[in-house]
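Chain Y: place on chain G using the hints.
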Amino acid sequence: MNGTVTWWQGVGGGLQLLSRQVLGISGLIIVVTILLTALFGDFLAPADPLALSIRDKFLPPSFAHPFGTDFLGRDVFSRVVSGSRIAMTAAVVAVSLSAGIGLVLGMLAGMGPRWLDYSLLLLFDTLRSFPVVMFALAVVTLVGPSLETIIFVVVVISIPLFGRAVRTQTLALKSSEFIHAEIAMGASLGRLMAVHLLPNVLGPIMILAAMEVPVVITTEAGLSFLGFGVRPPAPSWGNILNDGFIYVRNSPWPLLFGGLPIILTTLGFTFLGEALRDILDPRLRKEE
Amino acid sequence: MILYMVKRTALGIVIIMLAVTLLYLMIHAVPGDPATVMLGPRATPELIAAMEQRMGLDKPLPMQIVSFFGRVLSGDLGVDVFAERPVAETIVGVLPYTLVLVAAGMSWALLLGVPLGVYSATHPDSWMDKAAGVSSVAFIAMPPFVVGLYALLLFAVTLGWFPVIGGGQEKGWIGQLHHLVLPAFAVGLGWVGYLARLVRASMLEVLAENHVRHARAHGLPHNVILYRYVLRIAILPAVTIIGIGIGAMLSGVVFAEIIFARPGLGKLIFVAVQQRNFPLIMGTVLVTTTLFVIATTLSDILNALLDPRIRSRL
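Here the protein sequences come in this chain order: G and Y.
Quick note on numbering: the numbering used here labels position 79 of the first sequence as 79, and the sequence is numbered without any gaps.
Quick note on numbering: the numbering used here labels position 86 of the second sequence as 374, and the sequence is numbered without any gaps.
It should be emphasised that the hints constitute simulated quantities derived from the structure, not laboratory data.
Bear in mind the structure is a predicted one, so any value in this text is a computation, not a measurement.
Don't take every hint at face value.
Stated by the list, open to error - The calculated label-pair distances, taken between Cβ atoms and stated as ranges, are:
(1) G:P233 with Y:T410: 50 to 56 Å
(2) Y:P403 with G:S176: 38 to 44 Å
(3) G:E148 with Y:P333: 50 to 56 Å
(4) Y:I532 with G:Y118: 20 to 26 Å
Beta carbons are placed, not taken as given, at the ideal position from N, Cα and C, and that holds for glycine.
Isolated chain G (complex conformation) (with noise of 0.2 Å):
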């Protein structure tokens, strides 16, 4: 076992390495809680998030309704909290996929021939030269407004970046002894990319993955907000600032809560990806 790290050393070692960061830690805490409220929401929310009650409509904060109550008299809190699902659903899926087909293309045009490579920089390139808004709205208007759009434009949008990081590291790796030999051996290109790059690449995936939600997140919000996005009378926290906004000299309340979880949920992940990034790959600190 000498020089070799067990799994429990190394998430030991880890912990150790992330307490020393405070913004790392608040940042997991801040995650945990929202992942946390996103599973059990439904325990959590003291009242149903769309039952009405125009008789309480523009309530200030209270004990009964922490957060008041909106244009329709629902409680702000418990639409806020269950919000929160629809915001990790969207950034869970959305994340993954662009992750997954962002790491197998990344892996092609490193190890692929050079046409390959080429054809799939330029790809990337113009996946990201749209601006994501506009993007996102002409889609929206040719298939309709609904959470899955949200999460295939994020998807489309965000694979450049993915496939990018990916490649740059395949690359690096490309020319490194051990590869070499495995080629010597007659290792195929299959098992080349899931036996001994994959796990090489990893690293880099994690850190952008979790850069990644808050993007995921702004995304659903922002055009949920616009009216294109998840459909009301769902509580998207977009959807909560929308009727915040719309009715914000009656109440403001709904749009100052509204938009607290998006600011809250953007900060815990950008605050453990960083520190993530400094556990995993110091190196990439001076690429920003």
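Just chain Y now, with coordinates in the frame of chain G:
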């Protein structure tokens, strides 16, 4: 250098053409053609056929794309079938508002972000550096539309310092500036954070390099070293990111224009999507994508001018 510029420009043009082709293919790949979507479920087949003919959708797809490029090159972005006027005219009419907003947002981000980064790098681990570091991350984490909504809530609705609605077209240039403050604040705030962090990181890196030590050993004044030898190199990553920043701002601008009811490209596409006005949507996406590609191409070329090492990379 000229070779690099030519190659980089060619790449930019290829990217724009690919992007437009992709967009065009996508429109045709989805079930339900644009004419049907535009006219709604109660349209008769004759109406749909007439609309398709008007929009040139009755020809084979490759033909459509080629003729689309031909028309775009001659400045014709098609006819807005709802307003009965050329799309190009509509877009040119609102474009200045968006460009001014992007320019204002980027300018104040640069004016605040770069000095903040320089200060943090020259005073590392001071309380100011730490405060700037934390607030930079916070600024980056706040999406522009949330910043816009909060700014609207605080400065326009609660305090009443700034106007809520419109671009101030009728009030002269002071009125227009007054109307520009909050939207520019919203689209620029995140970039203050980005630029501050970027400049700080790259300055610290350059400060540790040999040529700086050399200059110090020669007894050059601190400020001369800082601004003539360090900042000139350290500013490079910031220059590159401005191109991307303008592209990202084109997204933020959509929200700022809607929240503050300003005219502009964002407002235009928002209304176009509500009307399912395909020619207008295509035109707006085309123009914004082109703007984005021009911005990134220019910043790459500028970067190559400033740093000769980059030229060999393309």
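Evaluated hints:
1. Restraint check, G:P233 to Y:T410: a C-beta distance of roughly 53 Å satisfies the suggested window 50 to 56 Å.
2. Against the hinted window of 38 to 44 Å, the Cβ-Cβ separation of Y:P403 and G:S176 comes to about 43 Å, which satisfies the hint.
3. For G:E148 and Y:P333, the Cβ-Cβ distance of about 30 Å falls outside the hinted range of 50 to 56 Å, so the restraint is violated.
4. Look at Y:I532 against G:Y118: about 22 Å separates their beta carbons, and that is inside 20 to 26 Å.
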